[in-house]
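**Q** Sequence:
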Amino acid sequence: MHCWLLLGGMTLLNIGDTIYLESMIKENIAENQRSADSLKKYRCKLIDKKEDSFIVDPPVNEVTRQTSFLMDGEQMNGWFIGTDNAVYSFKTEVLGRSKDKIRSLILSDPGLDQYTRIQRRNYVRVDTSVDVAVDSIDRDFPAFVTSSVDISGGGMALSLPTNYGLKEADMIKTWIVLPSEEDAINYAKASCKVIRITNGESGTNDRCSLKFENITEADRQKIIKYCFEQQVQVGLNSQSRNR
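For the sequence shown, full-length UniProt numbering gives the first residue as 1, with consecutive numbering after it.
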């Protein structure tokens, strides 16, 4: 039986915890030509653990929020947040339906030695370019749209256009576009303080570092979830390259 306990006897995954699934890229699809169907994401809850397998409730599509039917033999990327607050990613396969649990699904468990552990912090910063609309709270400069350089649950860095009019310690309003691989888009709104402005070098744009000063917890969680998914995707891509 696969060990699914951490050192010290701490349980890694508990009944009722969420497992995230992503359908794997088809072999004949180039990395830069991924189809929407090949990247569908789902979430499900662990309802039982058997030898070499997880028993989960019916997966729910992250975009449509509808229960989805997964075919037996379908190859998936899976991940979950362990009790140590790290992310564990793994390869799994749909083995079938459980006879003991109504409407439940059986997923293969490759074992702890096949998991990739990714350290997770709530405010982990990821390098990413997303669209951001910026406006002055005091109308000190015209509103503009730019892109992020990086982002976390606590703030972000922006690439600044020419004649941007920002100063350190300014308070600004931002609207952040958070895309996903399924073409779904989330939006987050935050009032920010300009912490630092850095001059661009070698023809690059100036940058500013922002701290989120006023943001709803729901919008912060959208950003944290986006960062988490980006972090996991980097881990999955690295895992695929190393195979």
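None of these hints come from the bench; they were simulated from the model. Hints should not be assumed to be uniformly reliable.
Restraint-style ranges between C-beta atoms, simulated for each label pair [unchecked claim]: (1) P161 / N186: 19 to 27 Å; (2) N199 / R65: 43 to 51 Å; (3) S202 / K50: 56 to 64 Å; (4) S191 / D52: 31 to 39 Å; (5) T198 / T83: 35 to 43 Å.
In silico lysine to any residue, SDA-like type, Cα no more than 20 Å apart, as pairs [unchecked claim]: (6) K49 / G111; (7) K225 / S147; (8) K40 / N14; (9) K45 / M71; (10) K211 / A157; (11) K40 / L12.
The beta carbon of each residue, even a glycine, is placed where N, CA and C say it ideally should be.
**Q** If a hint holds in the structure, say so; if it does not, say that too.
**A** Each hint, compared with the structure:
1. P161 / N186: 19 to 27 Å: For P161 and N186 the Cβ distance comes to about 24 Å; the hint holds.
2. N199 / R65: 43 to 51 Å: 45 Å, holds
3. S202 / K50: 56 to 64 Å: Once the Cβ atoms are compared, 57 Å apart, the range 56 to 64 Å for K50 and S202 holds.
4. S191 / D52: 31 to 39 Å: 50 Å, violated
5. T198 / T83: 35 to 43 Å: 39 Å, holds
6. K49 / G111: 12 Å, holds
7. K225 / S147: 19 Å, holds
8. K40 / N14: Roughly 25 Å between the alpha carbons, so the hint for K40 and N14 is violated.
9. K45 / M71: 18 Å, holds
10. K211 / A157: It holds: about 9 Å lies between the C-alpha atoms, which stays within 20 Å.
11. K40 / L12: This hinted pair is violated, its Cα atoms lying about 26 Å apart.
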